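Undergrad: One line per chain: the protein sequences are A and B, in this order. Under my numbering, think of the first position of the first sequence as 268, with each following residue one higher. Under my numbering, think of the first position of the second sequence as 268, with each following residue one higher.
Calculated directly from the structure, the hints in this document are not laboratory data. Mixed in with the good hints, there may be bad ones.
No distinction is drawn between identical chains; accordingly, a pair holds when it is met within one copy or between any pair of copies.
[Stated by the list, open to error] Once the Cα atoms are required to be at most 20 Å apart in a straight line, the calculated EDC-like pairs of lysine to aspartate or glutamate come out as: (1) 283 x 272; (2) 568 x 504; (3) 298 x 288; (4) 568 x 586; (5) 283 x 443.
Since this is a predicted model, take the numbers as computed values, not measurements.
One letter stands for each residue in the lines below.
There are 2 protein chains.
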Amino acid sequence: MNNFDFYNPTKILFGKGRIADLNDQIPTDAKVLVLYGGGSAERTGVLAQVREALAGRTLIEFGGIEPNPRFATALKAVDLVAEKSITFLLAVGGGSVIDATKFIAAASKYDGDAWDILTSRGSVVTNALPFGTVLTLPATASEMNSGAVITNSEKGAKLPFGSPHCFPAFSMLDPEVTYTLPDRQIANGVADPFVHVIEQYLTYPVNAPIQDGFAETLMRTLIDLGPKALASPKDYDIRANLMWTATLALNGLIGAGVPQDWSSHMIGHEITALNDTDHARTLAVVLPSLMNDQRGPKRVKLLQYAANVWDIRDGSDDERIDAAIAATRRFFEELGIKTRLNDYDVDASGIDHIVGALKDHGMTALGEHGDITPDDARRILEAA
Amino acid sequence: MNNFDFYNPTKILFGKGRIADLNDQIPTDAKVLVLYGGGSAERTGVLAQVREALAGRTLIEFGGIEPNPRFATALKAVDLVAEKSITFLLAVGGGSVIDATKFIAAASKYDGDAWDILTSRGSVVTNALPFGTVLTLPATASEMNSGAVITNSEKGAKLPFGSPHCFPAFSMLDPEVTYTLPDRQIANGVADPFVHVIEQYLTYPVNAPIQDGFAETLMRTLIDLGPKALASPKDYDIRANLMWTATLALNGLIGAGVPQDWSSHMIGHEITALNDTDHARTLAVVLPSLMNDQRGPKRVKLLQYAANVWDIRDGSDDERIDAAIAATRRFFEELGIKTRLNDYDVDASGIDHIVGALKDHGMTALGEHGDITPDDARRILEAA
Numbered sequence: 268m269n270n271f272d273f274y275n276p277t278k279i280l281f282g283k284g285r286i287a288d289l290n291d292q293i294p295t296d297a298k299v300l301v302l303y304g305g306g307s308a309e310r311t312g313v314l315a316q317v318r319e320a321l322a323g324r325t326l327i328e329f330g331g332i333e334p335n336p337r338f339a340t341a342l343k344a345v346d347l348v349a350e351k352s353i354t355f356l357l358a359v360g361g362g363s364v365i366d367a368t369k370f371i372a373a374a375s376k377y378d379g380d381a382w383d384i385l386t387s388r389g390s391v392v393t394n395a396l397p398f399g400t401v402l403t404l405p406a407t408a409s410e411m412n413s414g415a416v417i418t419n420s421e422k423g424a425k426l427p428f429g430s431p432h433c434f435p436a437f438s439m440l441d442p443e444v445t446y447t448l449p450d451r452q453i454a455n456g457v458a459d460p461f462v463h464v465i466e467q468y469l470t471y472p473v474n475a476p477i478q479d480g481f482a483e484t485l486m487r488t489l490i491d492l493g494p495k496a497l498a499s500p501k502d503y504d505i506r507a508n509l510m511w512t513a514t515l516a517l518n519g520l521i522g523a524g525v526p527q528d529w530s531s532h533m534i535g536h537e538i539t540a541l542n543d544t545d546h547a548r549t550l551a552v553v554l555p556s557l558m559n560d561q562r563g564p565k566r567v568k569l570l571q572y573a574a575n576v577w578d579i580r581d582g583s584d585d586e587r588i589d590a591a592i593a594a595t596r597r598f599f600e601e602l603g604i605k606t607r608l609n610d611y612d613v614d615a616s617g618i619d620h621i622v623g624a625l626k627d628h629g630m631t632a633l634g635e636h637g638d639i640t641p642d643d644a645r646r647i648l649e650a651a
Numbered sequence: 268m269n270n271f272d273f274y275n276p277t278k279i280l281f282g283k284g285r286i287a288d289l290n291d292q293i294p295t296d297a298k299v300l301v302l303y304g305g306g307s308a309e310r311t312g313v314l315a316q317v318r319e320a321l322a323g324r325t326l327i328e329f330g331g332i333e334p335n336p337r338f339a340t341a342l343k344a345v346d347l348v349a350e351k352s353i354t355f356l357l358a359v360g361g362g363s364v365i366d367a368t369k370f371i372a373a374a375s376k377y378d379g380d381a382w383d384i385l386t387s388r389g390s391v392v393t394n395a396l397p398f399g400t401v402l403t404l405p406a407t408a409s410e411m412n413s414g415a416v417i418t419n420s421e422k423g424a425k426l427p428f429g430s431p432h433c434f435p436a437f438s439m440l441d442p443e444v445t446y447t448l449p450d451r452q453i454a455n456g457v458a459d460p461f462v463h464v465i466e467q468y469l470t471y472p473v474n475a476p477i478q479d480g481f482a483e484t485l486m487r488t489l490i491d492l493g494p495k496a497l498a499s500p501k502d503y504d505i506r507a508n509l510m511w512t513a514t515l516a517l518n519g520l521i522g523a524g525v526p527q528d529w530s531s532h533m534i535g536h537e538i539t540a541l542n543d544t545d546h547a548r549t550l551a552v553v554l555p556s557l558m559n560d561q562r563g564p565k566r567v568k569l570l571q572y573a574a575n576v577w578d579i580r581d582g583s584d585d586e587r588i589d590a591a592i593a594a595t596r597r598f599f600e601e602l603g604i605k606t607r608l609n610d611y612d613v614d615a616s617g618i619d620h621i622v623g624a625l626k627d628h629g630m631t632a633l634g635e636h637g638d639i640t641p642d643d644a645r646r647i648l649e650a651a
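Using the sequences and the hints, build the whole thing.
TA: As structure tokens, then:
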């Protein structure tokens, strides 16, 4: 096992009716800015639950945060924080709203140009406003980690940052609020955590049976419950287990002490920056092709993945790897997620653009060995 | 899955050579009291590593904390904290030293009679001195939770308490410091976490595949690596995986959202209070007998345990349960831990004493259903 630091101070309040406990979690003297997205939080009644739980407090609201949240939108919220002397942020939404809130929390306490936060990957952040979250769309685990991704559409860039100052103070996870999500978002909320787990698991072995066993548990749970969640939208236990799986997929736990490979995410981000394809769908395109392309360096873990996640035990090594990749592709397709690049209208010139963007953004040494270059990404994308 | 809160702000610094990073973790203006046990921290050089990492600071030291740490000893440290205006505690040791440090941290900030902290199970604690730990003996997970157990030998009582104010700020986990541990303590450090996992797993199903899968991973790792750790004392990866398993066995994660049954611990504590038997050994005595006695209420999970932890899949339900209990007993015995009460010189009058003590300490409704009475404990102990 590799050396590691693990630190995650976010308090999770999980279960039915937990939004009612919101008042106890926010300092009584706080001036609160409630942030949300495009209107679903209003339509589904989650915002009404939040307002009721915080009745009697002065709340200021800021809606309209986009999926793949925009730098320019976040800056408007930063201005509002200053103007209204806000002391606490409350994100009500999914990963996009929470990611934007992290950026707003950091930028509100940053003296320089807020763009520095992204170009430095967060290293310039020394402080942030405290914030909590009410999660409405489980997928990204942003509710229990300190990372975020912000899109700058003018620059055609989608860039990640992270800081130990950007953990939510608390996150409310009520599985019932996910009953009304459209199938498309449920499917994304299964595929995205699945790839998060893979990026921390499918590298090379370092004798870490706990991290491997936890990762395999999360993947098996997603494979079992993903299709069932689409078939039975109001089954509490299915939604509860998916919600908790998505959080644990990227809260630092399974990645502690093991190598990681975030190349599917980095390549996928550039697809989203190109044409706004859903984040999870870009992963479903890149991952199977990348698994096939990297079957050499990832051989031992691909065989372990075949056996322990898919129960594939017959055939030669390459046959078992082929079967595991096919099962992965089928899993995405059965969730209604297409896995070929041309399903998303990306042609040869689109690939040129993506490869160029990887170079522009310094993504020239991806993978657990730092040896996946933009040219390798081109080959992976062409095969996809 | 049941509703739950999960909160664990302890920062873990894991791996080779991490004690050298100690200086960065303690506030520069802190006045530090270093707490340790009976001399092994000195003998093995861990205290020397701590002193070197904190060179130039004023350190005050307090040694002599017992296994099953004593109330009276802890109170002496509380006096020293006041006398020397200590602002930060550093526990260097195993569960006993860390448990004592938690109590000292809480008692140093408590105005009333410190005994209240134990009789209230910690509910009177509203504040505590900050503290960190350097773990030398992995077993109890005290390095990453907020609970502790203190023995009052005058009163013949061993009582637990817990408080959200009693999480370590950080814990240093260097597997290399465990190389010199005697076999007896390594064996205890496998058995104790194993039973911790069982107490959060072997109840009744609540549709929690993640918690179950994580628990099964931890148990399989202990079963695989426990005997190997005794055979190969300087294998880094074995020690590293055991150390991290012990921490994850009781840091709140696998118990979140599932029923728990701490009856083996509560009955075991009274055996230790009677004759100072090692904590882990009392568990190895009580657990197999309790599993057999409670095979009715625990039936479904016992069958899951047989299949997923021991790969026992043939035979009738009762035969598979019998085989799993026998495997559990054999696992303890192979670690060199006896599993019969008379191995520890407890006779009929000893059982009378234990049953009486359970009544005196209000342990009258144990188990996940609250229906294991002192009379049930008598039957379990007689069968043990």
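Undergrad: Does the structure break any of the earlier hints, and which numbers would those be?
TA: The structure breaks none of the hints.
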